[in-house]
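Student: In order, the protein sequence lines correspond to chains A and B. Letter by letter, the first sequence follows residues 1 to 519 in the numbering used here. Letter by letter, the second sequence follows residues 1 to 519 in the numbering used here.
It cannot be assumed that every hint is accurate.
Claimed, not checked - Below, computed lysine-lysine pairings styled on PhoX-like, alpha-carbon distance capped at 25 Å:
#1 B:LYS397 - A:LYS427
#2 A:LYS105 - B:LYS250
#3 A:LYS448 - B:LYS457
#4 B:LYS448 - A:LYS457
#5 A:LYS427 - B:LYS457
#6 A:LYS291 - B:LYS448
#7 B:LYS331 - A:LYS427
#8 A:LYS341 - A:LYS382
#9 A:LYS427 - B:LYS362
#10 A:LYS397 - B:LYS427
#11 B:LYS427 - A:LYS457
#12 A:LYS331 - B:LYS427
#13 B:LYS427 - A:LYS362
#14 A:LYS448 - B:LYS331
#15 B:LYS427 - A:LYS427
#16 A:LYS331 - B:LYS448
#17 B:LYS105 - A:LYS250
#18 B:LYS382 - B:LYS331
As the list claims (entries may be wrong) - The following label-pair restraints were derived from C-beta to C-beta distances:
#19 A:ASN475 - B:LYS343: 34 to 40 Å
#20 B:ASP109 - A:GLN180: 37 to 43 Å
#21 A:GLN420 - B:MET445: 46 to 52 Å
In short, the hints are calculated from the structure, not lab data. Keep in mind the model is a prediction, meaning the values are calculated, not measured. We treat Cβ as the ideally placed atom computed from N, Cα and C, and that holds for glycine.
Protein chains: 2
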Amino acid sequence: MQPEKLIIFDTTLRDGEQCPGASLNNKEKLEIARQLALLKVDVIEAGFPIASPGDFQSVQQIANEIRGSSIAGLARALEKDISAVAQALEKAESPRIHIFLSTSKLHRDHKLQKGKEEVIQMAVDAVKFGKKFCDDIEFSPEDASRTEPDFLTEVVTAVIDAGATTVNIPDTVGYSVPEQFAELIRSLKETVPNIEKAVISVHCHNDLGMAVANSLAAIKAGARQVECTINGIGERAGNAALEEIVMALKTRNDYFGVQSGIDTPNIMACSRLVSSLTGFFVQRNKAIVGKNAFAHESGVHQDGFLKKKDTYEIMDPTDIGLEMSELVMGKHSGRNALSTKIKAWGFDLTQEELDEVFANFKILADDKKEVFDEDIMALVQKQKFSDESLNTYSLIKIQGSFESGVVPETTVLLKSRDGQEHSATAKGDGPVDSIYNAIDHITGMACKLIDYQVMSKTRGKDAQGEVTVRVRHENREVLGKSTGVNTIETSAHAYVNAVNKLLVKPKAGPVGGGDIQGP
Amino acid sequence: MQPEKLIIFDTTLRDGEQCPGASLNNKEKLEIARQLALLKVDVIEAGFPIASPGDFQSVQQIANEIRGSSIAGLARALEKDISAVAQALEKAESPRIHIFLSTSKLHRDHKLQKGKEEVIQMAVDAVKFGKKFCDDIEFSPEDASRTEPDFLTEVVTAVIDAGATTVNIPDTVGYSVPEQFAELIRSLKETVPNIEKAVISVHCHNDLGMAVANSLAAIKAGARQVECTINGIGERAGNAALEEIVMALKTRNDYFGVQSGIDTPNIMACSRLVSSLTGFFVQRNKAIVGKNAFAHESGVHQDGFLKKKDTYEIMDPTDIGLEMSELVMGKHSGRNALSTKIKAWGFDLTQEELDEVFANFKILADDKKEVFDEDIMALVQKQKFSDESLNTYSLIKIQGSFESGVVPETTVLLKSRDGQEHSATAKGDGPVDSIYNAIDHITGMACKLIDYQVMSKTRGKDAQGEVTVRVRHENREVLGKSTGVNTIETSAHAYVNAVNKLLVKPKAGPVGGGDIQGP
Numbered sequence: 001m002q003p004e005k006l007i008i009f010d011t012t013l014r015d016g017e018q019c020p021g022a023s024l025n026n027k028e029k030l031e032i033a034r035q036l037a038l039l040k041v042d043v044i045e046a047g048f049p050i051a052s053p054g055d056f057q058s059v060q061q062i063a064n065e066i067r068g069s070s071i072a073g074l075a076r077a078l079e080k081d082i083s084a085v086a087q088a089l090e091k092a093e094s095p096r097i098h099i100f101l102s103t104s105k106l107h108r109d110h111k112l113q114k115g116k117e118e119v120i121q122m123a124v125d126a127v128k129f130g131k132k133f134c135d136d137i138e139f140s141p142e143d144a145s146r147t148e149p150d151f152l153t154e155v156v157t158a159v160i161d162a163g164a165t166t167v168n169i170p171d172t173v174g175y176s177v178p179e180q181f182a183e184l185i186r187s188l189k190e191t192v193p194n195i196e197k198a199v200i201s202v203h204c205h206n207d208l209g210m211a212v213a214n215s216l217a218a219i220k221a222g223a224r225q226v227e228c229t230i231n232g233i234g235e236r237a238g239n240a241a242l243e244e245i246v247m248a249l250k251t252r253n254d255y256f257g258v259q260s261g262i263d264t265p266n267i268m269a270c271s272r273l274v275s276s277l278t279g280f281f282v283q284r285n286k287a288i289v290g291k292n293a294f295a296h297e298s299g300v301h302q303d304g305f306l307k308k309k310d311t312y313e314i315m316d317p318t319d320i321g322l323e324m325s326e327l328v329m330g331k332h333s334g335r336n337a338l339s340t341k342i343k344a345w346g347f348d349l350t351q352e353e354l355d356e357v358f359a360n361f362k363i364l365a366d367d368k369k370e371v372f373d374e375d376i377m378a379l380v381q382k383q384k385f386s387d388e389s390l391n392t393y394s395l396i397k398i399q400g401s402f403e404s405g406v407v408p409e410t411t412v413l414l415k416s417r418d419g420q421e422h423s424a425t426a427k428g429d430g431p432v433d434s435i436y437n438a439i440d441h442i443t444g445m446a447c448k449l450i451d452y453q454v455m456s457k458t459r460g461k462d463a464q465g466e467v468t469v470r471v472r473h474e475n476r477e478v479l480g481k482s483t484g485v486n487t488i489e490t491s492a493h494a495y496v497n498a499v500n501k502l503l504v505k506p507k508a509g510p511v512g513g514g515d516i517q518g519p
Numbered sequence: 001m002q003p004e005k006l007i008i009f010d011t012t013l014r015d016g017e018q019c020p021g022a023s024l025n026n027k028e029k030l031e032i033a034r035q036l037a038l039l040k041v042d043v044i045e046a047g048f049p050i051a052s053p054g055d056f057q058s059v060q061q062i063a064n065e066i067r068g069s070s071i072a073g074l075a076r077a078l079e080k081d082i083s084a085v086a087q088a089l090e091k092a093e094s095p096r097i098h099i100f101l102s103t104s105k106l107h108r109d110h111k112l113q114k115g116k117e118e119v120i121q122m123a124v125d126a127v128k129f130g131k132k133f134c135d136d137i138e139f140s141p142e143d144a145s146r147t148e149p150d151f152l153t154e155v156v157t158a159v160i161d162a163g164a165t166t167v168n169i170p171d172t173v174g175y176s177v178p179e180q181f182a183e184l185i186r187s188l189k190e191t192v193p194n195i196e197k198a199v200i201s202v203h204c205h206n207d208l209g210m211a212v213a214n215s216l217a218a219i220k221a222g223a224r225q226v227e228c229t230i231n232g233i234g235e236r237a238g239n240a241a242l243e244e245i246v247m248a249l250k251t252r253n254d255y256f257g258v259q260s261g262i263d264t265p266n267i268m269a270c271s272r273l274v275s276s277l278t279g280f281f282v283q284r285n286k287a288i289v290g291k292n293a294f295a296h297e298s299g300v301h302q303d304g305f306l307k308k309k310d311t312y313e314i315m316d317p318t319d320i321g322l323e324m325s326e327l328v329m330g331k332h333s334g335r336n337a338l339s340t341k342i343k344a345w346g347f348d349l350t351q352e353e354l355d356e357v358f359a360n361f362k363i364l365a366d367d368k369k370e371v372f373d374e375d376i377m378a379l380v381q382k383q384k385f386s387d388e389s390l391n392t393y394s395l396i397k398i399q400g401s402f403e404s405g406v407v408p409e410t411t412v413l414l415k416s417r418d419g420q421e422h423s424a425t426a427k428g429d430g431p432v433d434s435i436y437n438a439i440d441h442i443t444g445m446a447c448k449l450i451d452y453q454v455m456s457k458t459r460g461k462d463a464q465g466e467v468t469v470r471v472r473h474e475n476r477e478v479l480g481k482s483t484g485v486n487t488i489e490t491s492a493h494a495y496v497n498a499v500n501k502l503l504v505k506p507k508a509g510p511v512g513g514g515d516i517q518g519p
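Make the full structure from the sequences, and use the hints.
Tutor: As C-alpha cells, this is what we get:
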C-alpha cells in the first residue's frame with residue numbers, strides 16, 4: 001500500500017519573513033522560492049500582497065516564475081486583500097488564495113470587536129469572493145485552538161459550504177499540547193458534516209516548544225496539510241520546522257504511515273540559504289539541521305563501543321544532504337566544473353553572473369589553499385543577491401591602523417552612484433567602530449548598530465567569514481551582509497550594504513493601519 | 001488542592017557538556033552549578049567522575065560547595081565507576097548515584113555483547129553496590145524506548161527490588177513520539193509491581209524535535225522527574241530544554257496539574273550564562289529564551305489591533321526574568337551599587353574579584369556612554385572564569401595596519417609566565433588572521449582555527465562584542481573567549497585564551513577505553 005500523501009505548505013516567505021529582524025528583499029525571496037520548489041514543497045506561501053507594494057511585487061514575481069509548486073498569497077477576509085492576492089497570482093501555475101479571520105472569543109472581542117454571526121458572514125463572503133478568482137481557497141480561523149469548539153465547527157462547515165478547499169487550524173499563540181490538538185482535529189472530522197470536501201491543515205507556533213509535536217499529532221489524527229517554515233523561523237518562537245516534520249514522518253513512517261513528497265537531500269541547502277539570507281543563525285543543537293545534529297558522523301564521538309551505526313543513529317545524514325563537503329576546486333579548476341556545480345545546487349545564473357562568480361572564484365582560489373562548497377556558495381549568493389543597480393555607495397578603500405592602548409583611526413573612501421568619491425577619517429572604540437563612524441560621516445546618517453555578528457562560513461584559518469549587521473535609522477531597521485576572508489574589510493562591506501538598503505528600500509508599511517499578524 | 005510536584009533533574013553539566021564543542025573548565029562548571037542552585041533545580045547531575053580526573057574533581061567541587069540541590073554523578077554499572085561517584089560526592093548535602101546500563105536488543109548485541117540475564121544481574125549488582133554508599137540511587141536502562149517492553153518491565157522491577165529509588169526511562173536516540181512514549185510510561189506503571197517504591201523519570205533527546213513534547217506527555221502519564229538541560233544543549237540535537245518544560249507546565253497547568261519548583265525569573269540569567277560559557281548560541285526563534293520569543297513585548301510588533309495583551313501572549317516575560325535591561329550605571333556609579341547588583345544575580349565574588357570588576361567597570365564606563373546589565377555581566381564573567389594562574393601567555397600589545405588591496409601585517413607582543421616578552425610579526429588574509437599567525441609563530445604551535453564567531457553582547461555602537469574561537473591542535477579542540485569593545489583586540493585575547501587552554505588542560509580522556517555516551 002502506498003503511504004498517504006501529506007501536503008507541505010511552506011510559509012517561510014510569509015510567517016517566517018514577517019518576524020522581527022528577518023527582512024528579505026525581493027531578489028532574496030525569489031531565490032528562496034526557487035529553493036523551495038527544488039525541495040518539492042507542495043505550496044509556497046509567497047507573502048501578503050496587500051501589506052505593501054513591495055510584498056505585492058514579490059508575490060507576483062514568484063507566481064510568474066516558479067513552476068511545480070502551488071503559490072499562495074495571504075489575505076484578510078476583506079475584498080481588497082483578496083483582490084490583491086488574485087492580481088498578484090494572475091500568472092501562477094496553481095494559485096491559492098489563503099484567507100484568514102480570527103474566531104476565538106478573545107480575538108473577536110478585542111481584535112475584531114464583532115459578534116459570532118458577523119464573523120461567520122465575513123468568512124463566507126470572503127471565501128465566495130475568492131472563488132471568483134480561483135478554485136483553490138484556503139481558510140484559516142485564526143486562534144482556532146482557543147476558539148469555542150462548537151463555534152469552530154460552525155465556521156469550518158460554513159466556509160467549506162462556501163467553497164473552501166483547505167481549512168487550516170492554526171495554533172496561533174503556540175498554546176496547544178499534542179494530545180489536545182489531535183483531539184481538536186478528530187472532533188472536527190466528526191462534527192463538521194462536509195469535512196470530506198476539504199483538506200484539514202494545521203499551522204502551529206512554537207511558544208511552548210511543541211510546534212512540531214502538535215503538527216505531527218494532528219497528522220496522526222487526520223490532518224493532511226501542515227504549514228511550516230525552514231529552520232522553524234517565524235513570529236516569536238517561530239513556526240513548526242519543515243525539516244523536523246518531514247524527517248520525523250520519514251524516520252517514523254511505521255507510526256505515521258504518511259509521507260511528504262519533499263526531496264529531503266535538498267534540506268541542508270535550503271536551511272543554509274534561509275539562515276544566511278535572514279541572518280537567523282541555526283543553533284548547534286537544532287534538530288536535523290544544527291551543526292551537531294549528526295555530530296557522531298563527523299568523527300568527533302566515534303567510540304570504541306560503537307559497533308553498529310544504528311546504536312545511536314536513527315537517520316542517515318545523506319538523507320538531508322549532509323556530507324562532508326569536499327575539497328572541490330582549486331585555482332586550476334575550470335569554468336565548466338564551476339558552472340556544473342552551481343547548476344546542481346539549483347542556482348540559475350545568467351552568463352554575466354556566472355562570469356562574475358568565476359572571476360571572484362579565481363581571486364579567492366589565489367588567496368585560499370582550500371576552496372570548499374560553502375565558499376563557492378558564498379560567492380554565488382553574493383552575486384545573486386546584490387542588486388548593484390540600487391546601490392548608492394560602493395566601498396573603494398579602507399586604510400587604518402591599530403595599536404593596543406591607542407584609539408584607532410580609519411580612513412574610508414566611498415564612491416557614490418554619480419561617480420563622485422567621498423573620503424572621511426574617524427576614530428572609534430575599535431577599527432570596526434572607526435570604519436562605521438567614517439561611513440556615517442560620509443553619508444550624513446547617524447545610524448545605530450543594533451547587532452554585529454561574524455560567523456566563519458567555511459573551515460580553516462583562511463575561512464570566509466560572514467558578517468551580519470543590523471542597523472537602525474529613524475525607526476527603520478535593515479540587515480547588512482557581506483562575506484570574505486578579511487573580517488575588517490568584510491565588516492566595512494556589510495555596513496555599506498546596510499546603508500544602501502536604508503537609502504533605497506522604504507520599509508514595507510502595512511496597508512490599512514497597524515501591523516497585521518496572520519495566523 | 002496543591003498541584004503535584006515535579007522533580008527537575010538538570011544534566012547540563014553532564015549530557016550537555018559532553019556534546020562536541022561544549023567543553024567547560026571546572027571553574028565554569030562550578031559557576032553553572034551555582035546558577036542551577038539559584039534556579040532551584042532539584043537535582044544537578046554534575047558529571048561523570050570516572051571519565052577523567054578533571055571530571056572527578058569538578059563533581060567533587062560542586063558536591064562540596066552547592067547546597068539546596070541534590071548532586072548526582074553518573075556511573076556505568078561497574079563497581080569502579082560507582083566507587084568514583086561515591087567518593088566524589090562524599091561531602092554532598094544530598095548525594096545521588098546515577099547508574100546506567102543499556103537494555104535494548106541493539107545495544108545488548110552490539111554495544112554490550114551480553115544476554116538478558118547478564119544485563120539484569122549487572123544492573124542489580126550495581127544498584128546494590130551503590131546502596132552501600134548512598135540511599136538515593138537512580139537507574140537508567142539506556143535506550144529504554146527501543147527495549148522490548150517485557151524485558152524493560154523485568155529490568156525495572158529488579159532494580160527497584162535492589163533499591164533504586166528513581167528509575168529513569170531514556171529515549172536515548174530521540175526516536176519516540178509523545179503518544180507512544182506516554183503509553184510506555186503508563187504500561188510501566190501497570191506492569192511493574194513495585195513501581196510505587198520509585199519515582200519514574202524520563203530523559204528525552206531531540207533528534208526528531210520532540211524531546212519537550214515527549215517529556216511532557218510522560219509527565220501527563222505519571223512520570224514525576226524529567227531530565228533536561230538549559231537551552232536544550234546535549235548530544236547531537238540535544239536534550240529536552242529545561243526552560244520549555246518548566247514554562248509549559250506553568251502556562252498549561254490547567255492541563256498538566258503538575259508544577260516544578262523552579263524559580264522561573266532566574267531562567268534568562270541561567271540561559272545566558274550557559275550560552276556564553278559553552279559558546280552554543282541560542283537561536284533567535286528558540287522557544288522561551290530566544291531573542292524573538294517575546295518580540296511583541298519589545299515594541300517591534302505593537303500593532304493597532306492589539307487591544308489586549310493576551311491576544312498574542314500566553315506568558316509574561318517577567319516570569320522568565322526578561323525585562324528591558326535598564327541603563328543601570330554610568331561612570332559616577334559607586335562600588336556599592338555595583339556590588340549589590342552582582343549579588344542580586346547570584347554571583348559570589350571575593351573582595352579581590354570585586355575590586356578587579358570595579359576597576360574594569362570604571363575603564364568601561366569611560367569608554368562607553370551607556371553601560372547595560374549585560375556589560376557588567378560580561379565583566380563579572382571575565383573575572384570569575386579566567387584562571388590567570390594557569391595562563392602561559394598574556395597579551396601585551398598588538399600593532400598593525402590594514403589597507404584595501406594590501407596584505408595586512410601585525411606585530412604581536414606576548415609575555416610568558418616566566419616574565420619574558422616575545423614578539424612576532426606576521427601577515428595574513430586579514431588583520432585577525434595576521435594576529436593569529438603571529439601568535440602561532442611565538443608559541444610554535446600550528447593551530448587550526450575551526451570556528452570564529454563574534455556576537456555583540458550589548459546594544460549600541462560601542463557595544464561589547466564576544467569573540468569565540470574554536471582552535472584545534474593535535475586532535476585537541478578548545479574554546480577561547482574574550483569580550484570587549486574593540487573586536488580586533490578582543491579577537492587576539494580570545495586566541496591567546498585558547499592557546500593557554502591548549503597548553504594547560506589535557507583534554508579529559510575517558511577512562512576504560514573509548515568515549516562513553518550515557519543515556
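Student: If a hint holds in the structure, say so; if it doesn't, say that too.
Tutor: Consistency of the hints with the structure:
Pair hint LYS397 (chain B) plus LYS427 (chain A) holds up; C-alpha atoms about 19 Å apart against a cutoff of 25 Å. A hinted pair counts as satisfied when its Cα atoms are at most 25 Å apart, and LYS105 (chain A) with LYS250 (chain B) qualifies at roughly 23 Å. Between LYS448 (chain A) and LYS457 (chain B), the direct Cα distance comes to roughly 15 Å. Compliance with the 25 Å bound is thereby established for this hinted pair. Between LYS448 (chain B) and LYS457 (chain A), the direct Cα distance comes to roughly 15 Å. Compliance with the 25 Å bound is thereby established for this hinted pair.
The hinted pair formed by LYS427 (chain A) and LYS457 (chain B) meets the criterion: a straight-line CA distance of about 22 Å does not exceed 25 Å. A threshold of 25 Å between alpha carbons decides the hint, and for LYS291 (chain A) with LYS448 (chain B) the separation of about 18 Å falls inside it, so the pair holds. Between LYS331 (chain B) and LYS427 (chain A) the CA atoms are separated by roughly 21 Å; this keeps the pair inside 25 Å, and the hint holds. At most 25 Å may separate the alpha-carbon atoms for a hinted pair to count; LYS341 (chain A) and LYS382 (chain A) meet this at roughly 16 Å.
Taking the CA atoms of LYS427 (chain A) and LYS362 (chain B), the gap is near 21 Å; set against the 25 Å cutoff, the hint holds. In summary, the hint linking LYS397 (chain A) to LYS427 (chain B) is supported, as the alpha carbons are separated by about 19 Å, within the 25 Å threshold. The hinted pair formed by LYS427 (chain B) and LYS457 (chain A) meets the criterion: a straight-line CA distance of about 22 Å does not exceed 25 Å. A threshold of 25 Å between alpha carbons decides the hint, and for LYS331 (chain A) with LYS427 (chain B) the separation of about 21 Å falls inside it, so the pair holds.
A hinted pair counts as satisfied when its Cα atoms are at most 25 Å apart, and LYS427 (chain B) with LYS362 (chain A) qualifies at roughly 21 Å. Proposed proximity of LYS448 (chain A) and LYS331 (chain B) is supported: the alpha carbons are some 22 Å apart, at most 25 Å. As the CA atoms of LYS427 (chain B) and LYS427 (chain A) are separated by approximately 24 Å, the hinted pair is consistent with the 25 Å bound. Between LYS331 (chain A) and LYS448 (chain B), the direct Cα distance comes to roughly 22 Å. Compliance with the 25 Å bound is thereby established for this hinted pair.
For the proposed pair LYS105 (chain B) and LYS250 (chain A), the alpha carbon gap of about 23 Å is at most 25 Å, so the pair holds. Proximity of LYS382 (chain B) to LYS331 (chain B) is assessed by CA-CA distance (about 20 Å); at most 25 Å being required, the pair is judged to hold. The hinted window of 34 to 40 Å between ASN475 (chain A) and LYS343 (chain B) holds, with their beta carbons roughly 38 Å apart. In this structure the hint that ASP109 (chain B) and GLN180 (chain A) lie 37 to 43 Å apart at CB holds, the actual value being about 39 Å.
Look at GLN420 (chain A) against MET445 (chain B): about 49 Å separates their beta carbons, and that is inside 46 to 52 Å.
Checked against the numbered hints given earlier, this structure breaks none of them.
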